[in-house]
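Knowing the structure of chain A, use the given hints to seat chain B on it.
Chains as they are written, first to last, in the working numbering: chain A, 19 to 496; chain B, 60 to 545.
It should be emphasised that the hints constitute simulated quantities derived from the structure, not laboratory data. It is possible that some hints are incorrect.
[What the hints assert, rightly or not] Covered by chain A, according to a simulated footprint, are these stretches of chain B (three or more residues, beta-carbon under 8 Å):
hint, segment
1, 283-294
2, 364-375
[Said to hold, decoys possible] Every beta carbon over 10 Å from chain A, so not counted as near; a handful from chain B, in silico:
hint, residue
3, ASN154
4, GLY258
5, SER378
6, ARG413
7, GLY505
[What the hints assert, rightly or not] Partial selection, computed: residues in chain A whose CB lies under 7 Å from chain B:
hint, residue
8, GLY64
9, ARG96
10, LYS106
11, GLY107
12, LEU296
Cβ coordinates follow ideal geometry from the N, Cα and C atoms, glycine included.
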Amino acid sequence: MAWEIVVGVETHAQLRTRSKMFSGASTAFGAAPNTQACAVDIALPGVLPVVNSAAVAHALRFGLAVGAAINRRSVFARKNYFYPDLPKGYQISQYEIPIVAGGALKIVLPTGEKTVRLTRAHLEEDAGKSLHEDFQGMTGIDLNRAGTPLLEIVTEPDLRGAKEAVAYARTLHALLRWIGVCDGNMQEGSFRCDANVSVRKAGDDQLGTRCEIKNLNSFLFMEQAIEFEARRQIEVLEGGGRIAQETRLYDADRGETRSMRSKEDAHDYRYFPDPDLLPLVISDEMLAQARASLPELPEARRGKLVASYGLSPVQADLLTQSIETSSYAIAAFEGAPQARWPDMANWICGPLSAKLNESNLDIGASRVAAAELRRLAQKVEDGTLSGKMVKEVLDAVWAGEGGVDEVIGKRGLQQISDAGAIGEIVDEVLANNAKQVEDYRGGKDKAFNSLVGQVMKATQGRANPAQVNEILKAKLLR
Amino acid sequence: MLDSGLSELQAALAAKKISSVELTRLFLERIGRLDGRLNAFITVDEGVSLAQARAADEARARGEGGPLAGIPVAHKDIYCTRALRTTCGSRMLENYTSPYDAHVIEQFERAGAVLLGKTNMDEFAMGSSNETSHFGPVRNPWNSGLVPGGSSGGSAVAVAARMAPVATGTDTGGSIRQPAALTGVCGLKPTYGLVSRYGMVAFASSLDQGGPMAKSAADLALLMNVMVGHDARDSTSLPRPKEDYARALELPLAGLRIGLPKEYFGKGVEPGVRQCVRAAIDWYERRGARTVPVELPHAALAVPVYYVLAPAEASSNLSRFDGVRYGHRAAQYEDLNDMYCRTRAEGFGAEVQRRILVGTYVLSHGYYDAYYLKAQKVRRLIARDFAAAFRLCDLIMGPTSPGTAFPLGAKTDDPVQMYLNDIFTIPAPLAGLPGLSIPCGFDARGLPVGLQIMGDHFAEARMLGAAHQYQRDTDWHRRAPKETPL
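In isolation and in its complexed conformation, chain A is listed as follows (with noise of 0.2 Å):
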């Protein structure tokens, strides 16, 4: 029988601000216990919370980015549970009326393009964190994250399997970034997502009752997390069970998700709205100047390089992960070959990606600056280099060796394209290898790649492989 596999995805992204979401204590990661924790965090006695402005700007960015409808009046309420990272017993967040309601993101799929429609998104505050480790039957208390600013972005039920929730998941994490208002640091937490996951008999129109799988933290694990969970449900369904409704946490060492609690354990988290707020209203200034300080979006990005530099959806979607390496890429395009294009996404997104990664560099301080692709890309055109020695020269270049051109003068790289000096290595490799020219007069074409292979190798590649087959051929048919 066949199963489709229907997930929603909700993700905290931590808002970029130099302060909390009601406090003015700093935000900044990785500081000693307890030292970025004010008054206003540790939720001391007669304390208010103050609405961080910066916060609200960057939820506004978020919502235009995405087409969504800005709640020009919205309200923040109170989430009443017990925690002790939870200093006030109640985390301030948005209920019934979000900052931004609806919207949508494009995603690239092998398939096609998809549209994945957004319910809304909220601000509200972070929690601390528990330590239960170092401490001895007793938990540490860690508060300098209590009041981080998030976004909760929340999807309709739209992504069909793991492939689809993970490449939301990038698309979301890479406009985030692209617009300025999340670092992405997934490793820091500031990216996480849950997944709403249900199964349901293909062509079914209702939805099968879901788990969701709280706190993924990787792309990997989400994808693996997913595909486990589906996997699950559908096993039970098979076995004639039915799905109860709960949370799941992901154990990534055992690759399984399992039951964290039940619907009927659900907190009743008594929302109300929280009169130390005023509702937040969103003025025609605010919202114009939000608008005003967004770049142009991936997705206008995306297009343009498809459209006016000739790169496939699937490059373009590559190229437009981050803002940075767009840029990156249209400036080395400028003034480069136009055939050459294509190609130079393709070193982008390979050779010099795996570079960057290697190192842990943003493009932004890549050692092979834009301009130096261009005259890679110049030099493939005018038949200097092959296509095979451009990793070469891109490595130099990054170790340091030089711009292009050094490299490839100190390497001495040329490509051999004089017909005289080619000449003279085929009859030497024509005359070392008597059994593969009387393979090829007997009939078989294989042996001729051979001698071509024993041609570049002579030449350490760098002869011009058209001239090389050109030649070779004309040689053996004397």
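Just chain B, lined up with the frame of chain A:
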């Protein structure tokens, strides 16, 4: 000196007839003599007070000093102070000292005032008789077998018994006005948003408002000038230009329209109270004011609405007292949940627990619409009633409390009877409106009666003016309790 108003004290200090140290010592001595019986103060530290008084004297010698330079002020123990512990009348915070000062405390410090001590109060401001304090009940100086009202009972008694020249209180449903009425002093609950709530331990955030308590309307005006001010740390604090609350004290009463809501003169009002209030209103009429009947048809619902909304907010506001970071924590517990349960069962008194339970209930899934949401709707209707009434009149007058002071223990077993004490003070805060209580006579037992004057938003100066004119011509506010002779 003990019986002097602020302007007399200011004059005496300015003329160097007395130093701040001497003045402060005078009040400290009186506290030492009387407070063993009255229990108006939770914390008094002579060292702290005298050091501040000395600093005030030194500042004066340098030619510096604010409007209250060297004048001792008693603060309700709900305002966070670095110098003295802040208990909020609770075992939960019995040993809690705030690392920061409330905005109100900062304002008084800037004005040069001396911190005289922290006054007793109903636990977390929940009560109308000052009997829910962990530190024992406060006694009424007019008759120490009676309650002083609450929750700002300690501040009211400190002023009434002349243990402090002036004091601060907070009012959520009547906590300044009702004890002022029951002890024969003046108390003003300002328009919501005028006095910053920063550093005022929260009871019901949408209703809580700090305000002054004193012997006269003129003193209240001077205190308002110090207490009111925008504070960016309180998002509900109103950004308004500074105003002088004493500016309208001498405004004539001719043409003043006084609204009399029939709901405030019904059967539940004790005859002694009714007579005094009626006589005061007659006085205003003689002075050229005109009375107009007004209606507050939803006022009858104010008490039930209040006892849904205030506990709802309180149940959430008091969640932070969990024993994790500060305050009381149970000595023995099995696990996390047990730690919460024992800590809060031990740290909170019965009335606070009752309100947390009620508040939790009305916010619960399935009850929210029926209680909390409905109460919010009625709250808006009450505000609309007042708005309509203030189109017909400038001020509304009536009794502050339906009765005078009652015996200790008389209503502790019947919360509803206790809650009904605030029937006339609860409507104003629900509408965010200012309310003032001033003494207007004594009932047959010789107990003080309070006249309540309510105004539209920001009508404080007009209200204080009307009260001041009355006090220029009457001496109810000058009478001091017989049990605590000067």
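A quick look at each hint next to the structure:
1. Counting residues of the segment 283-294 of chain B whose beta carbon lies closer than 8 Å to any beta carbon of chain A gives 4, which meets the minimum of three for the stated coverage.
2. Taking a C-beta to C-beta cut-off of 8 Å, the segment 364-375 of chain B contributes 4 residues in contact with chain A, enough for the three needed, and the coverage statement holds.
3. Against the 10 Å criterion, B:ASN154 stays outside the reach of chain A, whose nearest CB is about 13 Å from its own CB.
4. Distance check for B:GLY258 against chain A: the nearest CB is about 4 Å away, which does not clear 10 Å, and the non-interface claim fails.
5. Distance to chain A contradicts B:SER378 as a non-interface residue, since its nearest Cβ pair spans about 2 Å, not more than 10 Å.
6. For B:ARG413, the condition that its CB be more than 10 Å from all CB atoms of chain A holds, with the nearest at approximately 17 Å.
7. The beta carbon of B:GLY505 sits about 39 Å from the closest Cβ of chain A, which is more than 10 Å, so the claim that it is off the interface holds.
8. A hinted interface residue such as A:GLY64 counts as satisfied when its beta carbon comes closer than 7 Å to some beta carbon of chain B; here the least separation is about 4 Å, so the hint holds.
9. For the restraint placing A:ARG96 at the interface with chain B, the shortest Cβ-Cβ distance is roughly 5 Å, inside the 7 Å limit, so the hint holds.
10. The criterion of a C-beta within 7 Å of any C-beta in chain B is met by A:LYS106, whose closest approach is roughly 5 Å, and the hint holds.
11. Annotation: A:GLY107 was flagged as interfacial toward chain B, and the flag holds, the nearest CB pair being 2 Å apart, inside 7 Å.
12. A least Cβ separation of about 6 Å between A:LEU296 and chain B falls short of the 7 Å threshold, and the interface hint therefore holds.
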